[in-house]
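Trainee: Turn these sequences into a full structure, and let the hints guide you.
The lines below spell out each chain.
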Amino acid sequence: MVLPKKLKQAVRDFLFGAFYFDLYKDTLKLARNYNDFVYLIIFGEILGIPLMSTYYTLRLIPYIYGDLITWKARQLRERDLTESAPEIGV
Amino acid sequence: MVDVLQTPSLWVVIGLIAYGIAYFVYSKWVDEKIWEVSAERTTPAHMYLDGVEFFPVSRWVLYGFQFKSIAALGPILGPFIGLTYGWLPALIWIILGNMFIGWVQDYSSIMITVRNEGRSMGPLVYQYVGERPRTILLGYLLFYLLIISAVFIYLISVFWNVFPGTFLATLVIFISAIIIGAMIYRWQVNIYAVTTLAIVLVILAVAVGAYVPYPKKDFLDPMLGPGGTLLFWSIVLAVFLFFASIAPMPTFITPMNFISAFPAIFGVIIIILGALLTPLTGITLKHPTVASSDVLLGFTGPGPIFPILFVSIACGAISGWHSLVSTSTTGKQLDSELDARPVGAGAMLTEGLLALASLAAFMVVAPETIAALKGSKPAAFVTGATLLTSYLGGEALAAFWKSFFALFLVIYAFTVQTLVTRYWRVFSGELFTGGLSILGNKYVATVIGLIIPIIFALSGSWINLWIYFGGSNQLLAGLALFLVAIVVAKFKRPPYYALLPAIFMTIVTLFALIWETYDYIRRVSAYFAVLAATGDPSEAVKKLFARPPMTNNPPAALTVNIIFIIVGIILVVLGFLMAYYLATSYLRARGEE
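If you're matching them up, the sequences are chains A and B in order. The first sequence begins at 18 in my numbering and counts up one residue at a time. The second sequence begins at 11 in my numbering and counts up one residue at a time.
FYI, nobody ran anything at the bench for these hints, they're computed from the structure. Any given hint could be a false lead.
Taking lysine-lysine pairs in the BS3-like style, the calculated list, with each CA pair at most 25 Å apart, reads [to be verified]:
| hint | chain 1 | residue 1 | chain 2 | residue 2 |
| --- | --- | --- | --- | --- |
| 1 | B | K387 | B | K38 |
| 2 | B | K38 | A | K23 |
| 3 | B | K387 | B | K227 |
| 4 | B | K227 | B | K384 |
| 5 | B | K384 | B | K296 |
| 6 | A | K46 | B | K38 |
If the Cβ cut is set under 8 Å, some of the chain A residues that face chain B in the computed set are [stated by the list, open to error]:
| hint | residue |
| --- | --- |
| 7 | D39 |
| 8 | D43 |
| 9 | L45 |
| 10 | K46 |
| 11 | L47 |
| 12 | I63 |
| 13 | K89 |
Here are the computed distance ranges between Cβ atoms for each label pair [claimed, not checked]:
| hint | chain 1 | residue 1 | chain 2 | residue 2 | range |
| --- | --- | --- | --- | --- | --- |
| 14 | B | R598 | A | I59 | 39 to 49 Å |
| 15 | B | I213 | A | L20 | 20 to 30 Å |
| 16 | A | G65 | B | G601 | 38 to 48 Å |
| 17 | A | W88 | B | F229 | 57 to 67 Å |
| 18 | B | S535 | A | D53 | 48 to 58 Å |
| 19 | A | I59 | B | M57 | 21 to 31 Å |
| 20 | B | A192 | A | I59 | 22 to 32 Å |
| 21 | B | L207 | A | L20 | 24 to 34 Å |
| 22 | B | G30 | A | G65 | 49 to 59 Å |
Where is the CB? At the ideal position from N, CA and C, for every residue including glycine.
Mentor: See the structure below:
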């Protein structure tokens, strides 16, 4: 059966809307929540939250200097945010 | 071949025609003449594009999403209670209600969001009505959540009890949800492979339900006394709900929602088809057209037809819940204003069709069969739906379809309930601060949000709970319509298409809530009258709304009945206040002209 292109697209869209759109949006939200969390910790000072991160970074450098290289490598390793989903509880 | 007039199909077709007129004529007129939609006007989806909440999608995607979000248990179970008055009044209300009120609310809620920078219900009420009404709305939602929980907890427990095997089937679905969740989020498997597996697992679950009919109905009653099994199932359910609602979304709730959409939409389609095919399958109407005048006037049964019919059939005719869906999600993703009509009006009218099909599923079940179900009458849906789908395999597959429809209702209710319980917890966390912050604690809030509904579910009768639920839901609809009228008046357009339904819905539902409260007061006073006459609480308790095991404990049954009176009074007072604020805001909006 050959369906007109427009109808085919409409059916595809309907099925996507009915079955996947919810999941799709939930996933987007999940990702955004994680991002927000990270940003909050790093840039919270912009929002006026007194995290004093910049102040402490300077003071802490002498103590963590030895660990910095391995820490950097660990952080830059590719990983998926959802790996730690159960611990945080979005 | 049977007489077409004796089958439900004709009525569904009439509904289809009526909805066609509503869509192609009335909604088109409202769309063009009142809202004056234009493809040129930028929608919030483009204005505030963030890729998460605000982003444009095609009208078909939104139509599918909107239909999935609104077509839940309301249109399926509501017609059952409406049927008490005979099928004709229910049919007329589903057709006319949706034609003139239902789609108006859904469509207009989308439009007010679109024209107000994508704001959702709470902020809109704040903007147009004021701060106190917004707080009242929140308080109102709190009660709504408790009542809806009671309804669903009762429903699931009854189904687990009445249909042996349904619990095992549900268990298979739970495990599937966990596996599917891990596949999507942890292992990131291709979504089509996941879909295939999900469908296979659902079929497996239905098969388990059909061919492993254990544990048997009332299997614990010999040990725990009458009603013991129901209590047992509600506690089992509460444990599941507890873990579901405190676990992170992607581990359970999100995949559960994803899986349940497949049987849900499939079920909806085969019921509608079944209703249309009745002249071929030879399934005829078994229910009386109009009930006796005693029932219509409310001397027996749930209450007088006005206002009870209008609150018992909510979704399918009109439902306030839809205004929340429309304002908080759909309105933010509308690509063009021209899409509001196919999405809002289109999805609602399709849901009306579903309500007609479910009504058909009840119309073909004889009243005697329903009466034989006693305390678990909603189960009649399964009998009717199985009958309607007999074109798919006949007798040979009857057990399979029976299991399918039982599971269909259970997972529908369960997915909604996990979200409601979770929402309650988040809500409590926001609401209870300072000295009461313990009530907002993650675990404490969840436990409270489950225990209160269980007590409600075990005590009141199913119909009364449903009417409280329908009443608060319909009142929300009335309020949403009022809000629409205010916004339309502010735009200096004629608001009557929304104002008249708003007034109608508000009056009808306030009456219904008052009737329900009065019904409980009547029961409690009858209790005291019998107690004074006989001095025997176990005799007096029969006057109350109570079921075993609650009947064994008259003081508890009495307390719960009194709590229901209080809940009723609170709902009525909140409703009146809200109507007052909205009406004055409306008059103010008109005065600005």
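Trainee: Could you run down the list of hints and mark each one as holding or not?
Mentor: Comparing the hints with the structure gives:
Between K387(B) and K38(B), the direct Cα distance comes to roughly 40 Å. Violation of the 25 Å bound is thereby established for this hinted pair. For the suggested pair K38(B) and K23(A), the alpha carbons sit about 22 Å apart, so the restraint of at most 25 Å is met. A hinted pair counts as satisfied when its Cα atoms are at most 25 Å apart, and K387(B) with K227(B) qualifies at roughly 15 Å. Under the criterion of a C-alpha separation no larger than 25 Å, the hint pairing K227(B) with K384(B) is consistent with the structure, at around 14 Å.
At roughly 18 Å between alpha-carbon atoms, K384(B) and K296(B) fall within 25 Å of each other, so this suggested pair holds. Only pairs whose Cα atoms come within 25 Å are accepted, and K46(A) paired with K38(B) is rejected, the gap being roughly 34 Å. A least Cβ separation of about 6 Å between D39(A) and chain B falls short of the 8 Å threshold, and the interface hint therefore holds. Taking 8 Å as the C-beta contact cut-off toward chain B, the hint placing D43(A) at the interface holds, the least distance being around 5 Å.
Look at L45(A): its Cβ gets to within about 5 Å of chain B, closer than 8 Å, so that hint holds up. The interface hint given for K46(A) is met, as the beta carbon of that residue sits about 6 Å from the closest beta carbon of chain B, less than 8 Å. For the restraint placing L47(A) at the interface with chain B, the shortest Cβ-Cβ distance is roughly 6 Å, inside the 8 Å limit, so the hint holds. Given the 8 Å rule on beta carbons, the hint for I63(A) is violated: about 18 Å separates it from the nearest Cβ of chain B.
Given the 8 Å rule on beta carbons, the hint for K89(A) is violated: about 26 Å separates it from the nearest Cβ of chain B. Take R598(B) and I59(A): their Cβ atoms lie about 47 Å apart, and the range 39 to 49 Å holds. Take I213(B) and L20(A): their Cβ atoms lie about 27 Å apart, and the range 20 to 30 Å holds. Between G65(A) and G601(B) the beta carbon distance is about 41 Å. The supplied range of 38 to 48 Å therefore holds.
Taken as a hint, the range 57 to 67 Å holds for the pair W88(A) and F229(B), whose Cβ atoms sit roughly 59 Å apart. Between S535(B) and D53(A) the C-beta distance comes to about 55 Å, which sits within the given range of 48 to 58 Å. Taken as a hint, the range 21 to 31 Å holds for the pair I59(A) and M57(B), whose Cβ atoms sit roughly 28 Å apart. Between A192(B) and I59(A) the CB atoms are about 30 Å apart, so this pair conforms to the stated range of 22 to 32 Å.
Against the hinted window of 24 to 34 Å, the Cβ-Cβ separation of L207(B) and L20(A) comes to about 27 Å, which satisfies the hint. Evaluation of the 49 to 59 Å hint for G30(B) and G65(A) yields a pass: the beta carbon distance comes to about 56 Å.
Checked against the numbered hints above, the structure breaks hints 1, 6, 12, 13 and satisfies the rest.
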